[in-house]
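> Residues per chain, in single letters:
There are 2 protein chains.
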Amino acid sequence: MHPLPKVQTTEVRERIARFQAKLQENQIDGAMITQNVDLYYLTGSMQNGLLYVPQSGEPRFYVKKSVARAEFEASVPVEEMGRMKQLGERLRSTFGNVKRIGIEMDVLPYGLAVRYLGFFPDTEAVDVAFMLRLVRAVKSEYELNQLRIAATHVQEMVAMLPQQIRVGMSEVELSAQIEHALRLKGNIGIYRMRGYNQELCLGMVASGEAAATPTYFDGPAGGLGMSVASPQGASRKTFSVGEPILFDISTVVEGYIIDQTRMAVIGELDEELTRAYEVAVSIIREAERMGKPGVPWQDLYLKALEMAEAAGLQQHFMGFGNDQAKFLGHGVGLEFDELPVLARGFAQPLEKNMVIAIEPKFTFPGRGVIGIENTYVVTKQGLKAITTTPEDIVRIPE
Amino acid sequence: MHPLPKVQTTEVRERIARFQAKLQENQIDGAMITQNVDLYYLTGSMQNGLLYVPQSGEPRFYVKKSVARAEFEASVPVEEMGRMKQLGERLRSTFGNVKRIGIEMDVLPYGLAVRYLGFFPDTEAVDVAFMLRLVRAVKSEYELNQLRIAATHVQEMVAMLPQQIRVGMSEVELSAQIEHALRLKGNIGIYRMRGYNQELCLGMVASGEAAATPTYFDGPAGGLGMSVASPQGASRKTFSVGEPILFDISTVVEGYIIDQTRMAVIGELDEELTRAYEVAVSIIREAERMGKPGVPWQDLYLKALEMAEAAGLQQHFMGFGNDQAKFLGHGVGLEFDELPVLARGFAQPLEKNMVIAIEPKFTFPGRGVIGIENTYVVTKQGLKAITTTPEDIVRIPE
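So the protein lines, in turn, are chains A and B. Residue 4 in the UniProt record's numbering sits at position 4 of the first sequence, and the numbers go up by one each step. Residue 264 in the UniProt record's numbering sits at position 264 of the second sequence, and the numbers go up by one each step.
The set of hints was computed from the structure by calculation and includes no laboratory data. One should not assume that every hint holds.
[Claimed, not checked] No farther apart than 27 Å at their CA atoms in a straight line, the calculated lysine-lysine pairs in the DSS-like style are these:
#1 326/B to 64/A
#2 380/B to 22/B
#3 326/A to 64/B
#4 326/B to 352/B
#5 292/B to 384/B
#6 22/B to 352/B
#7 6/A to 352/A
#8 85/A to 64/A
#9 85/A to 326/B
#10 352/A to 380/A
#11 380/A to 22/A
#12 326/A to 292/A
#13 64/A to 303/B
#14 6/B to 85/B
#15 384/A to 292/A
#16 85/B to 326/A
#17 292/B to 380/B
#18 185/B to 185/A
#19 303/A to 64/B
#20 303/B to 380/B
#21 352/A to 384/A
Using the sequences and the hints given, assemble the complete structure.
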């Protein structure tokens with residue numbers, strides 16, 4: 001069918017077993033999975049359809065399009081989906097008496113959910129999104145390797161910056177060059193976010209006051225963007241001497257997203273911004289030390305908040321004033337906004353091999369955003385960086 | 001706040017009035033709108049929140065983030081959303097007794113929908129997505145102008161092809177060059193699709209057998225893609241002599257998406273593929289003639305099907321065999337998959353100023369995909385092309 005590398009069957013089986021353990025723990029008889037990324041994770045194929053995962057035993061992937069491609073790619077049995085009306089009957093006769101059925105309530109549109117739930121009348125609907133996201137948060141060696149490859153690509157982008165940045169160049173010009181270089185390295189050109197209405201292109205190449213423009217995006221920096229119809233990220237603003245230039249750059253390798261932020265400046269940053277950068281670095285060092293298995297997710301955020309306050313920068317931390325984002329970091333993997341979430345209210349423990357992007361940043365309205373971000377894997381010794389690009393601010397001579 | 005051009009208040013008021021007319025027609029008391037594109041369309045701002053549109057009277061935009069930016073951009077009254085618990089009370093006390101409440105059931109996730117519907121207990125929930133999409137399908141002069149500008153950008157891409165294509169170059173190399181050029185012209189780098197799980201980068205630069213690889217995407221061509229985790233569109237396959245190279249290229253200007261397909265070949269296409277291209281052109285000419293206000297959407301598809309059959313190409317039309325897409329064209333605007341849908345079962349009439357991308361294509365497994373696509377506006381005289389790039393196959397000397 002095609003020459004693209006496939007996900008190993010053992011890898012897929014392991015994922016399904018871990019998800020089934022969660023279903024058992026929560027007394028859920030089975031789950032109907034339909035979101036493209038979850039389908040890919042649990043089958044090895046992103047073809048369109050419905051994957052039924054019973055609490056135990058073999059799942060079945062009912063595919064709409066393309067059946068032939070799914071049969072070739074998937075590590076689970078594939079059947080043609082056929083007509084919706086008969087699908088309910090087929091599911092009931094194959095998987096028997098179902099009392100509690102799981103769906104992905106965070107992404108499955110209401111209209112479709114009602115149809116799918118109709119396959120199992122008089123059944124209790126349960127949200128399995130969080131438990132599946134927890135399974136996905138813990139990465140395998142295969143997944144960590146994809147992230148390590150992606151990390152080398154964003155590192156090369158930072159190495160190229162001194163040759164590229166110049167006064168009068170626009171944010172979008174530089175962003176387009178980076179996007180071009182990453183695309184040639186295999187970036188799929190689509191940055192997947194799970195959150196409703198959240199979207200992203202590359203990340204953010206943003207400078208000075210444009211970077212500090214607030215926006216809807218659930219991140220620490222906003223960005224002016226190209227238009228009111230795309231109010232975030234790179235804009236047509238040009239670079240000037242002495243302003244912080246933020247490179248929050250991601251790339252996607254075999255579906256896996258790495259996330260890293262570095263800073264650049266033409267000439268010199270003033271003292272206040274330089275100091276803010278040092279505080280950001282001290283926060284990330286502390287997070288590295290704290291981030292061990294068993295530590296509650298929120299602890300890293302609360303500690304960072306405390307450090308920002310101690311430095312007198314609480315008003316600027318992760319956005320300014322009313323437009324602050326209320327987290328320190330987020331899981332990355334097949335999606336940009338995975339678990340864990342390092343934010344207040346998340347008392348769940350870190351687990352070995354969870355992958356987290358940690359991004360302490362400070363926003364100064366009218367002046368810019370400054371900070372740092374690395375993607376880490378959780379180990380017994382604390383966080384181990386996957387992104388190992390030098391952390392010094394890239395200084396471009398005037 | 002910022003220097004980006006804003007949507008005119010008169011434009012936004014007109015849109016709301018047309019949507020309110022639909023709510024009245026369908027005896028819906030009000031609608032809770034939350035999807036980013038619908039919010040932008042009805043307010044002029046894409047900040048995050050909930051827009052309540054009553055059947056008559058002034059809507060209100062309850063914004064989560066950024067309130068300051070929404071106040072600056074939106075042409076409707078903005079309030080801070082505040083806590084979810086109080087929002088229900090505020091809505092009920094402001095908009096009174098509600099019996100039938102509208103939500104966007106095609107995009108709003110189940111979990112959020114249940115929360116929002118909880119604001120109005122004992123109320124009937126109605127899907128307003130199709131009626132809002134019908135309002136959006138008819139474009140204003142302002143919107144048509146954005147599409148015309150976007151059309152000049154994709155035309156320039158086709159003009160550059162002879163200087164770019166060469167034997168041994170990969171699909172993704174060429175795609176990346178086109179993406180780069182379009183980004184500099186203002187493309188936001190995000191191609192919005194409404195359909196669940198549907199996604200896109202640029203469109204498709206695909207050649208020979210790679211273009212004919214079937215995939216989940218609801219379009220006539222599939223594409224090998226960069227990986228199993230992104231199984232569509234451009235791949236690492238390199239161009240060879242004599243194979244059809246498909247340029248299904250889109251760009252996004254001020255949120256508005258244009259869609260156009262042209263063909264290229266290094267050397268010559270064989271007779272069968274050349275003839276298939278001629279059939280595609282004759283189908284699009286017939287659609288142009290038929291596409292007048294009042295004509296049922298499906299008629300254009302059924303006529304095309306008839307013409308493909310008469311030419312003996314029915315097995316190849318819009319994909320091959322079991323992987324055929326069952327439509328001839330789709331609306332474009334702020335999303336890639338707007339109304340109208342030219343497909344069986346859609347008996348709704350075309351209306352003046354609807355915008356449609358029509359894309360007759362033929363798939364030959366192992367050999368490639370060939371066809372043509374233009375974006376049109378519906379006029380009394382039939383379809384008028386917005387994309388006016390020369391339609392000849394771009395021939396590159398060997």
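> Against this structure, judge whether each hint is valid.
A quick look at each hint next to the structure:
no. : hint           : in the structure
1   : 326/B to 64/A  : holds (13 Å)
2   : 380/B to 22/B  : holds (24 Å)
3   : 326/A to 64/B  : holds (13 Å)
4   : 326/B to 352/B : holds (24 Å)
5   : 292/B to 384/B : holds (10 Å)
6   : 22/B to 352/B  : holds (17 Å)
7   : 6/A to 352/A   : holds (26 Å)
8   : 85/A to 64/A   : holds (14 Å)
9   : 85/A to 326/B  : holds (19 Å)
10  : 352/A to 380/A : holds (7 Å)
11  : 380/A to 22/A  : holds (24 Å)
12  : 326/A to 292/A : holds (22 Å)
13  : 64/A to 303/B  : holds (26 Å)
14  : 6/B to 85/B    : violated (32 Å)
15  : 384/A to 292/A : holds (10 Å)
16  : 85/B to 326/A  : holds (19 Å)
17  : 292/B to 380/B : holds (6 Å)
18  : 185/B to 185/A : holds (23 Å)
19  : 303/A to 64/B  : holds (26 Å)
20  : 303/B to 380/B : holds (19 Å)
21  : 352/A to 384/A : holds (11 Å)
Taken one by one, the earlier hints fail for this structure only at number 14.
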